[in-house]
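If you're matching positions, the sequence shown starts at 1 in our numbering and goes up one per residue.
Worth flagging that the hints you see were computed from the coordinates, not collected in a lab.
In this text, all values refer to a predicted model and were calculated from it rather than measured experimentally.
All residues carry an ideal CB built from backbone N, CA and C; glycine is no exception.
You may find that some hints are simply not true.
Said to hold, decoys possible - Computed beta-carbon distance windows for the label pairs:
# : residue 1 : residue 2 : range
1 : 157       : 290       : 43 to 53 Å
2 : 569       : 778       : 52 to 62 Å
3 : 157       : 333       : 17 to 27 Å
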Amino acid sequence: MKDPVVFDSERQLWVVPIRHHSPACAAHLERLIAAVEPAAILIEGPCDFDPLIDLVCDPRTRAPVAIVSLRDAHEGQATRRVASYFPFCAHSPELIALQAARARGIPARFIDLPSTAREMDLDEATPREGRSLLGSERLFGVGDYVTALARELGCRDGNEVWDQLFETRLADEDWHRYFADVARYCACIRAATSDEEMAGDGTLVREAQMRAIVDEVRGATEGPVVAVVGGFHAEALLEKGAKKPVAAKAGAGRSYLIRYGMRQLDALRGYGAGLPLPGFYDRLWQMRSSGAAGLGMALITGFADHLRGGRGEAPSFPVIANAIEQAERLAALRGRPFPMRDDVIDAIRSSFIKEEIPVGQTPLLVELHAWLTGTTIGEVPPSAGSPPLVEAVRGQAKALGFSIADGERRSRELDIYRKPRHRAASRFCHAMTLIGTSFGQRTGGPDFRNDVSLDRLHEIWAVCWSPLVESRLIELSEAADTLGEAMAFVLAHRIAELAEQGKGRSALAAIDLFAAACRAGLGREAAAILALVEEQVIEDPEAGSVVAALTDLLLLRRGRATLGIEETGPLDHLLGATWRRLLVLLPELADAGADQTDVAVRTLSSLRGAIELARSIEAPIDLALFDEALGRLSALALPPMLAGAVMAFSLLDGRIAATDLEARLKGELASAYVDPAERLAFLGGVIAIARELIWAIPAIVDAIDAIVGGVDEDEFIALLPYLRLALMPLDPREVDRLAEEVAARHGIGASALSVTVAISESEMTENLRLDRDLADLLARDCVA
Numbered sequence: 001m002k003d004p005v006v007f008d009s010e011r012q013l014w015v016v017p018i019r020h021h022s023p024a025c026a027a028h029l030e031r032l033i034a035a036v037e038p039a040a041i042l043i044e045g046p047c048d049f050d051p052l053i054d055l056v057c058d059p060r061t062r063a064p065v066a067i068v069s070l071r072d073a074h075e076g077q078a079t080r081r082v083a084s085y086f087p088f089c090a091h092s093p094e095l096i097a098l099q100a101a102r103a104r105g106i107p108a109r110f111i112d113l114p115s116t117a118r119e120m121d122l123d124e125a126t127p128r129e130g131r132s133l134l135g136s137e138r139l140f141g142v143g144d145y146v147t148a149l150a151r152e153l154g155c156r157d158g159n160e161v162w163d164q165l166f167e168t169r170l171a172d173e174d175w176h177r178y179f180a181d182v183a184r185y186c187a188c189i190r191a192a193t194s195d196e197e198m199a200g201d202g203t204l205v206r207e208a209q210m211r212a213i214v215d216e217v218r219g220a221t222e223g224p225v226v227a228v229v230g231g232f233h234a235e236a237l238l239e240k241g242a243k244k245p246v247a248a249k250a251g252a253g254r255s256y257l258i259r260y261g262m263r264q265l266d267a268l269r270g271y272g273a274g275l276p277l278p279g280f281y282d283r284l285w286q287m288r289s290s291g292a293a294g295l296g297m298a299l300i301t302g303f304a305d306h307l308r309g310g311r312g313e314a315p316s317f318p319v320i321a322n323a324i325e326q327a328e329r330l331a332a333l334r335g336r337p338f339p340m341r342d343d344v345i346d347a348i349r350s351s352f353i354k355e356e357i358p359v360g361q362t363p364l365l366v367e368l369h370a371w372l373t374g375t376t377i378g379e380v381p382p383s384a385g386s387p388p389l390v391e392a393v394r395g396q397a398k399a400l401g402f403s404i405a406d407g408e409r410r411s412r413e414l415d416i417y418r419k420p421r422h423r424a425a426s427r428f429c430h431a432m433t434l435i436g437t438s439f440g441q442r443t444g445g446p447d448f449r450n451d452v453s454l455d456r457l458h459e460i461w462a463v464c465w466s467p468l469v470e471s472r473l474i475e476l477s478e479a480a481d482t483l484g485e486a487m488a489f490v491l492a493h494r495i496a497e498l499a500e501q502g503k504g505r506s507a508l509a510a511i512d513l514f515a516a517a518c519r520a521g522l523g524r525e526a527a528a529i530l531a532l533v534e535e536q537v538i539e540d541p542e543a544g545s546v547v548a549a550l551t552d553l554l555l556l557r558r559g560r561a562t563l564g565i566e567e568t569g570p571l572d573h574l575l576g577a578t579w580r581r582l583l584v585l586l587p588e589l590a591d592a593g594a595d596q597t598d599v600a601v602r603t604l605s606s607l608r609g610a611i612e613l614a615r616s617i618e619a620p621i622d623l624a625l626f627d628e629a630l631g632r633l634s635a636l637a638l639p640p641m642l643a644g645a646v647m648a649f650s651l652l653d654g655r656i657a658a659t660d661l662e663a664r665l666k667g668e669l670a671s672a673y674v675d676p677a678e679r680l681a682f683l684g685g686v687i688a689i690a691r692e693l694i695w696a697i698p699a700i701v702d703a704i705d706a707i708v709g710g711v712d713e714d715e716f717i718a719l720l721p722y723l724r725l726a727l728m729p730l731d732p733r734e735v736d737r738l739a740e741e742v743a744a745r746h747g748i749g750a751s752a753l754s755v756t757v758a759i760s761e762s763e764m765t766e767n768l769r770l771d772r773d774l775a776d777l778l779a780r781d782c783v784a
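Using the sequences and the hints given, assemble the complete structure.
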């Protein structure tokens with residue numbers, strides 16, 4: 001490997017190798033530009049971002065900000081819009097270069113491939129902030145070279161190696177030597193990377209584009225040219241023989257300058273081109289004029305003040321002083337002119353925590369990491385031109401009392417029963433969740449859909465207005481101008497995707513989306529998706545899915561006042577369609593195979609609950625039509641368990657008398673079924689639908705008593721598992737009641753049904769030991 005250089009004297013070309021978001025690189029770049037006085041500055045970044053340079057350099061722009069690029073990605077037959085980001089923080093060398101060009105009145109250009117030509121990772125599991133157009137700096141943290149160097153320097157990882165070698169030289173005046181060392185370090189990393197890997201991730205194609213634009217600008221410019229690129233690419237840009245650059249295709253994508261946040265710049269949160277805990281480096285940049293003198297003191301006292309603000313137990317002055325001293329001594333021991341990130345963390349860990357530190361993170365260290373990450377969100381000028389949807393949602397969030405000034409995660413309790421404004425805030429949170437903004441996460445409160453915790457007065461949300469919220473809104477801005485329109489668009493898209501996900505023609509999946517829309521306050525826009533949802537309902541072939549969907553709709557209607565559903569027309573329309581579809585499917589339960597009988601019975605059990613709910617809320621459905629459908633089902637040949645369920649339903653519906661059920665039950669139990677399961681199946685069907693009939697019809701207990709008392713021991717043992725299955729719907733109190741009734745028929749008192757077995761303390765201890773040994777054995781054999 002040849003020794004890398006950063007200056008091509010023949011072409012008067014300075015190739016400046018940097019690490020993205022490095023304060024030391026930014027400081028030395030300022031010195032280089034002042035000394036070289038270039039005639040043009042080129043920056044690694046998508047060339048189609050050139051029109052946004054004026055906005056980036058606008059005096060009203062305050063970092064962190066990012067250029068977000070939207071492009072259409074094709075996956076099979078589906079198309080979706082993908083966002084990728086080019087972030088700037090205050091100490092990004094790229095931002096320093098652009099600002100220097102503006103201050104000197106010289107041209108600046110981006111030289112990388114157009115954003116729409118970059119192959120981005122489209123995996124939904126990848127955090128959106130990880131889709132960086134700056135390229136990944138993964139190789140700064142892994143690989144044989146970095147690992148060996150970390151071991152040699154006594155550093156924990158590649159990031160500490162970088163700090164040790166380069167960030168500590170923030171105040172060094174020798175910029176030429178600094179960038180020569182960065183170039184040499186990055187060239188070593190590149191030498192340990194195969195050509196196949198660089199070709200596979202697009203590095204070589206990108207470098208060809210950068211060389212082409214560098215040559216183009218070099219040929220048209222008098223005087224020195226400075227090109228600021230990631231250190232990995234620096235040596236490659238000094239090569240000659242460039243081809244014609246790739247131009248951006250008109251209409252292939254759109255780009256905006258948006259606010260960005262410190263949290264999204266954190267390498268520990270998935271950002272591929274960042275340094276860990278960016279708030280630390282931001283403070284380092286702020287103190288560059290003093291050579292970072294007093295950095296350790298500023299950080300440690302700042303964190304102590306943060307704890308005093310209610311974030312934890314504040315340390316005493318002696319503890320703070322000890323931590324500052326430790327940070328300074330650790331830095332000196334490690335050969336650093338001032339404490340770096342690891343020195344500060346180690347000092348706080350040692351001084352602020354007195355007890356033993358567990359393997360997992362302690363709350364104080366979690367808080368420290370959050371504080372060193374930072375919550376700042378930047379600002380962009382009004383001329384950045386946010387789409388109407390972004391402005392509308394921002395205004396709505398402010399009006400409802402949500403903070404959009406920073407990226408701090410906050411808890412919000414909403415009194416949704418008594419305060420209309422809180423109900424509106426709840427609908428806003430549900431809406432933002434529905435459209436995929438990651439704005440809020442519901443952590444507690446009443447669940448109207450699942451009929452759970454309805455007595456809880458407050459709904460609790462954890463909310464955070466991160467830059468990713470706005471980027472998601474920008475993604476949707478081409479299809480919508482309001483939050484309601486965005487919901488309708490997303491719902492229509494998701495309903496269309498049901499077939500691709502294997503959930504096509506599913507009433508439950510479609511109503512699940514509609515229920516989410518109702519909780520989110522979708523009003524007039526509901527009509528836009530009503531036909532799509534109804535189509536899924538009327539084509540669903542599964543009665544169980546339709547019953548579950550019907551229950552969802554009934555629960556939504558019951559909670560309509562609290563949920564803010566003022567217009568019930570769409571809801572009632574779907575209720576009617578779902579009810580009619582269910583009545584069509586009900587007789588088809590008779591065609592269920594033997595292996596689906598349990599499913600059919602559970603469907604009838606769920607239907608009973610839905611009908612009782614419909615009666616209690618006076619839902620606008622014609623319950624009389626159910627009699628006809630149930631009559632058609634009962635007239636068909638049914639397996640015993642389903643027949644028992646249907647007869648129980650018919651009794652509750654008033655279509656048959658109790659004596660009819662008694663007669664059929666006695667016949668089933670007395671039948672000479674070879675399989676004990678079939679003998680008790682009818683009883684199991686009855687109890688599954690209406691277990692209260694055990695107490696209402698004495699003949700049922702008589703029949704159970706007769707069958708148990710009329711078999712010998714072997715027959716009883718064979719029958720017992722199926723008897724348990726038949727009685728499974730009973731709760732423990734009902735089981736005790738049934739046992740007492742059967743015992744009373746034989747003159748046995750309730751007290752005789754339970755036996756207390758006395759054991760010694762030593763025996764109990766031994767049993768507990770055996771229990772633990774068994775658990776360990778099962779765990780070892782991967783059984784438990």
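Hints, one by one, checked against the model:
A hinted range of 43 to 53 Å for the beta carbons of residue 157 and residue 290 is inconsistent with their spacing of about 28 Å. Take residue 569 and residue 778: their Cβ atoms lie about 57 Å apart, and the range 52 to 62 Å holds. For the pair residue 157 and residue 333, the supplied restraint of 17 to 27 Å holds, since their beta-carbon distance comes to about 18 Å.
Hint compliance for this structure: hint 1 is the single one not met.
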